[in-house]
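Student: Take a look at the letters that make up each chain.
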Amino acid sequence: MQFTRLVSPIRKRSEKAGAPPGTLAYLGDAPTTQPITVTLFQYDERELSERTLAEPAEAFPLPEEPTVSWLNLDGVHRVELIEQIGRALSLHPLLLEDLVNTQQRPKMEDYGAYLFIVARMLDYDPERRHIHSEQVALVLGREYLVSFEEDPGDVFNPVRARLRSGAPRLRKGGPDYLAYALLDAVVDGYFHILEQVGEVIADLEEELVSHPTQETLQGIYRLKREMIALRRAVWPLRDVINSLLHSESELIQSSTKVYLRDVYDHTIQIVDAVESIRDLLAGMLDIYLSGTSNRLNEIMKVLTIFSTLFIPLTFLAGVYGMNFEYFPELKWWFGYPMFWGISLTIALTMLAFFRRRGWM
Amino acid sequence: MQFTRLVSPIRKRSEKAGAPPGTLAYLGDAPTTQPITVTLFQYDERELSERTLAEPAEAFPLPEEPTVSWLNLDGVHRVELIEQIGRALSLHPLLLEDLVNTQQRPKMEDYGAYLFIVARMLDYDPERRHIHSEQVALVLGREYLVSFEEDPGDVFNPVRARLRSGAPRLRKGGPDYLAYALLDAVVDGYFHILEQVGEVIADLEEELVSHPTQETLQGIYRLKREMIALRRAVWPLRDVINSLLHSESELIQSSTKVYLRDVYDHTIQIVDAVESIRDLLAGMLDIYLSGTSNRLNEIMKVLTIFSTLFIPLTFLAGVYGMNFEYFPELKWWFGYPMFWGISLTIALTMLAFFRRRGWM
Amino acid sequence: MQFTRLVSPIRKRSEKAGAPPGTLAYLGDAPTTQPITVTLFQYDERELSERTLAEPAEAFPLPEEPTVSWLNLDGVHRVELIEQIGRALSLHPLLLEDLVNTQQRPKMEDYGAYLFIVARMLDYDPERRHIHSEQVALVLGREYLVSFEEDPGDVFNPVRARLRSGAPRLRKGGPDYLAYALLDAVVDGYFHILEQVGEVIADLEEELVSHPTQETLQGIYRLKREMIALRRAVWPLRDVINSLLHSESELIQSSTKVYLRDVYDHTIQIVDAVESIRDLLAGMLDIYLSGTSNRLNEIMKVLTIFSTLFIPLTFLAGVYGMNFEYFPELKWWFGYPMFWGISLTIALTMLAFFRRRGWM
Amino acid sequence: MQFTRLVSPIRKRSEKAGAPPGTLAYLGDAPTTQPITVTLFQYDERELSERTLAEPAEAFPLPEEPTVSWLNLDGVHRVELIEQIGRALSLHPLLLEDLVNTQQRPKMEDYGAYLFIVARMLDYDPERRHIHSEQVALVLGREYLVSFEEDPGDVFNPVRARLRSGAPRLRKGGPDYLAYALLDAVVDGYFHILEQVGEVIADLEEELVSHPTQETLQGIYRLKREMIALRRAVWPLRDVINSLLHSESELIQSSTKVYLRDVYDHTIQIVDAVESIRDLLAGMLDIYLSGTSNRLNEIMKVLTIFSTLFIPLTFLAGVYGMNFEYFPELKWWFGYPMFWGISLTIALTMLAFFRRRGWM
Amino acid sequence: MQFTRLVSPIRKRSEKAGAPPGTLAYLGDAPTTQPITVTLFQYDERELSERTLAEPAEAFPLPEEPTVSWLNLDGVHRVELIEQIGRALSLHPLLLEDLVNTQQRPKMEDYGAYLFIVARMLDYDPERRHIHSEQVALVLGREYLVSFEEDPGDVFNPVRARLRSGAPRLRKGGPDYLAYALLDAVVDGYFHILEQVGEVIADLEEELVSHPTQETLQGIYRLKREMIALRRAVWPLRDVINSLLHSESELIQSSTKVYLRDVYDHTIQIVDAVESIRDLLAGMLDIYLSGTSNRLNEIMKVLTIFSTLFIPLTFLAGVYGMNFEYFPELKWWFGYPMFWGISLTIALTMLAFFRRRGWM
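Chains as they are written, first to last, in the working numbering: chain W, 347 to 706; chain A, 347 to 706; chain P, 347 to 706; chain X, 347 to 706; chain F, 347 to 706.
Read the hints as simulated data drawn from the structure, not as lab findings. Quick caveat: nothing in here was measured; it's all calculated off a predicted structure. Treat the hints with caution; some may be incorrect.
Just so you know, same-sequence chains aren't split out, so a pair can sit in one copy or run between any two.
No more than 30 Å apart at the CA atoms, straight line, and that leaves these computed lysine-lysine pairs for DSS-like [stated by the list, open to error]:
id : residue 1 : residue 2
1  : K453      : K603
2  : K603      : K518
3  : K603      : K647
4  : K453      : K518
5  : K570      : K518
6  : K518      : K677
7  : K647      : K677
8  : K518      : K647
9  : K570      : K453
10 : K677      : K603
11 : K453      : K677
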């Protein structure tokens, strides 16, 4: 089962236990042979250049113009690339460690000259029916934004497309606005998850009413686990965005804050929906448990009533099967039909009684 | 089932994922062909004019007198109308986006020159037995109030009637008092829902005691879902009104605040009632589960006792049906009556035993 | 069932939906023909006068001496009387509306020249086994206290008696001390409820152990509902008294605050007891559910064991009832006694087995 | 059952309902004829005198030297003694009322010239298996400490012994240090309770695994009630000690606060343990419910399987007991052995089937 | 069972009840004959000396250079050693008492000249399947750190190794950085526990789906208890590290705080994981309970259906076993085959009915 997702980070983490802080060792799942694509966007309101670099070092020193440089890595398993960036931008060793240790909880840390933002990008895999979670980290400086994805993905593509098409607000905005745009893309992904979860819930409700099975129960349990995972991603992210909103760092311009407030609203909507879904799941569990037990009990009741009908009849047949020598009924010519008469009367009386009691 | 109501907004939301913020795209259910009625009230203490406009642009520029202009749209699916108002009043693009994205959580945002208030109007549909939720948005400026309903409805009619009849406090009050009156009307609608929910609960309690069925359980579950929906509408609204109460914006006059406090009390009453109902539902669930299981068990017990009575009798009949050659009882002339005597004795003894044990 | 008590206020409330705020319309249960007694106490340390008035207007203007005037109405269903007081003391229209809308949540509102306090008086009706809830409202000014009861009652009589008997602290105190005394009387009433609830719980625990029935379960559910009602009365009252304690209004003298702290302690004691009772009820529910199921299962087990004993014997009797021509045992002279011997052996072996396994 | 302990205070309390505040009436259980021992310790670093007084009045006026006077009463049912102390030390009437109303919740009240501290001393009675709760009240002045126990007891004896043996810190400390020492003794008593509860839990866990009975369930319920009682004593006490810690009263010297912090830690440990025990009890309940139901179901399953084995055999015997004239098998010489052969085959096949399905 | 672990500290604690505060008496499990190893590291950026001392007194007075002295004791059961350190460093008596009373809750106390930090080191014992908990205490002064382990262990070895290998940050840092390193090692141990718990959960989930037994339930209960223990260790530790982070003590350099923030994040991750695991356990319990009941019910249903099939057949055989003289069917030559025909028809009809109803 996929519980490994919940604990694997922890397992890996402990392998490094005792190492000094700041030791760079990649703790994720990616094979280190997988290549990492390094892309560099440099833009301001008028110009835009887009390059794919062999390694991050080529990006430095950052030019004075155009104003904003966005360096993106779609993998963090090659530690030397991370170190290049760390040297070029004088990043704190603990920050670098957090970059490659891809099991971070979403957080925001203000290092003065730059902000460090960690979020988690979620992806619902309908095949294996679980949520894949990937770390996204942003380093936001005055003139640059460096973003680190754990795996290659296309969630940032819409932002790239808007950059190329010259979307004015994005091109005019600084790296903080770009950071907002990326976080917004991440949060939009959560809505996508909720949509798919919503469909799974609709299916489960359908199943619950028509033909609940042990599968349904496991489906409810699985959803519960997914909601735990989602909550673990969204709740701290809400705090992250809230602290960006109320940050006094001058790296966040006040004109960007109104947009951050919008993302903040979205995270609250998601938290809200997750809580509602948890409530619903609890209710569905009650219906499931009661439903399966009722269904079975109904069967048992019908069978028991049926059996009970025959109990006195079988006794009666047993009685007339006795071998007493002095047994007057056996000699009556109407004995046998009488037996059937009595049997029918008993059966019908019992049926009437059961029906009157509302047992059938 | 109507869970779609809970997730459909989300689905729609994700379709737009990746679009730049501020893109206006209607995300509600209304067919875009449905006409939108635009009404304009302009009034002060002495005068009142009421007009239906072809489009909002006709309302601008707002006259200096009479003081208060109330522009109402009973639909937000024609994006160009929204944009007209946005241009005329210089509204922030994110605000316009929130207007047409009709799945907002209730919130209040202070843009300095105007306040933006979102609430949700609820309507209980007894047919389909669920709560229909509609977004209501208010833009409150110094001399105007613009209100946006998602669907045509009559919840604001009492306010219109009071305006026409010249209710002094309303006519003397500014747009902030008008905003209060509209919010009050929305909250009064929640009481209406609670009333109907109260009747459903009374029915369910009745059913629980007299003849609980699987239907009853589903009724409890459905109510639980409605309470989730109600809570999602009321809790944030309480915060909205609270922040209006403590707002330092000069758009809210202090004389209006005492009225807002009154609405605030109402939202607390509703929150309170919702919580109580949730508690009651939990209790009803316990009774249901215990009741159905007891009812069935009672039946099974009676049937089992009945069967058990016949077990030894049937055995006895079997014994006297055996074909042993040397079988003295079979030859006794009183054998057969004796059999009945023993049978009766056994049955009565067992009955007495069961009764003494309190099993019947 | 009495759930109506919980929702009826709400129903009534919605009938008025849409009316402008400040419209006076009585929303309680009392028939409007029932007379209202208006009593006026005027006292200071030396003098005391006590009068019954035809209508409240007679009380005004309030004399300069004696210092304290206490006007009490034991009903609020005659709106014109309320309006007389409102005019005489210049009370805010919303306050008057709250007076006649007798479903208020306990609250304290500071209108500057006077404080408005709402509490709920509870009364346990052992016949119908539910808590009757009545609104009590106090308007506390510098020289007067006006109190409004929803129904005639005797809960304030001890306070009247102490006034007449010249209790020094009460006679020396101002209207704030009088308000304290009335609130204290209300809270003392809650202890009375708890006492009766305690007896019901003792009975239920007794029943649970000796002979739990479906009645017991309904009793637990009913108590749960009563606790919800009690909590709804006490929790907000605690906040009311707390805000009186920390009020900066000069209408509350600091010498009175030490007494308010005492009432505050009492409300905390009650909240505490209510929470404990809720915990106990949950535990009782567990015992009930487990107990009834155990009891029934015990019966079923005994019956099943009994039936099982006869199963092989009946089979054996069936075997010797077969009509095979070549059937040696049937011809043995000791066949029949042997049958009984075998039967007894089987039955005793099974009994021993059951006993050894601890099934009996 | 002992629920009375939880409600009896309440009942008693209500008997006094309506009495003016400050009326002294003893509300505890002790017979008023039981004598009260009044002891007076007077000590400083160098001297110590210890006396038993006929009545508290003898202690006053307090001498200037030695510095600290500790007056202890081991009963509060003789109201006149309380009043003597109240007069001598000018205590507030409400304080006196709280002294004799022995159902107070732990609290700390700062009256300026003295502090009033109420705690509850708990005692586990293994016979009646419940916790006996007794009120302990301290009045802490600049040069004196007056302590009131509800019943005679020996929990303060270790403190007395340390005084007599000249424990330096205690003898050097002021009345505040003495108050700390007494509270510490009270809290140490809670650890004693927890220890005994721990043993009961170990017994219950043992029972749960080996032979759970309805008794076990009642034991769990009883413990749950004890935990409620313990929590009601400890939680407010934690707040009391916390407010002593942060009190700005000059009656508490800062050198004493480090000791109070120690007691505070102990109360947190106890709260912690109580919460853990509640969690454990919930888990034990689940095991109990599942265990008893499993146990019974196991029995039913075995019995049912046994019965089912005989069903087809009995039918077969019935078949060969039929009296058809043309019934070839009956005439075969090997008919009877064949019957046994078929029967055995059927039974073994069924057994094999059950076993393969894992039902046995 | 190992509940003793939860209560034994408490039991021991109470043995000392009534003793004056500051009395040193060891309350742990270790036999007092077990030797204690005292090690002293003295280092700065350039030098490092490492010694094993016969007793702590040899370490004092601390040299001026190298700057940092780290004294470690791997046992606290020899009270005289503790007292030596207490005298040498002028530690508060309560602190010494906490050192030897090894059941402290994690806490941080600022004594001005030094900080006192208590944490709990956890160790999962797969044999006995429980978490062993050991107290770790740190006394952090300006130039020294004294650490006290309850039992010898190797959790600090990686830190020692880093010291010896000259890890620059550790060698350059002060005693506060060393304290951080030790706390980090402790917290890393918690991840190790979570990893093992994760494996146990995976096993339990496996069991739940394939073959749940009463063992599985006890496994769930045991894990629940472990989670309680883990929570009791981690939650207060989180507060400890938080108060170190926000401490204004100059013993914590601001350069160290960024590292403490890292440990703080780890504790939050652990708290998070513990809460998630508790949620999962609740879900697993539901599946277990439903699963076992379903499994059994399934068996009962199959057996009951099987029995029911034979009920009418057995009756029929009984009928034709009756001995009526006038019984036409018995004389028909096709009577016996007809009986089998009817029987088969009845059985097949019933089977078809059951199948159509979905009962099989």
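Student: Please go over all the hints and tell whether each is borne out by the structure.
Tutor: Quick rundown of the hints versus the structure:
1. K453 - K603: Both. Shortest intra-copy (18 Å) and inter-copy (16 Å) distances satisfy the 30 Å Cα cut-off.
2. K603 - K518: within (15 Å within a copy, 37 Å between copies)
3. K603 - K647: neither (65 Å within a copy, 64 Å between copies)
4. K453 - K518: Answer is both; intra-copy 27 Å and inter-copy 29 Å each pass.
5. K570 - K518: neither (43 Å within a copy, 48 Å between copies)
6. K518 - K677: neither (112 Å within a copy, 107 Å between copies)
7. K647 - K677: neither (40 Å within a copy, 39 Å between copies)
8. K518 - K647: neither (74 Å within a copy, 71 Å between copies)
9. K570 - K453: Intra 24 Å, inter 29 Å, cutoff 30 Å: intra and inter.
10. K677 - K603: Neither: 104 Å inside a chain and 101 Å across chains, both beyond 30 Å.
11. K453 - K677: For K453 and K677, neither the intra-copy (97 Å) nor the inter-copy (91 Å) Cα distance is at most 30 Å.
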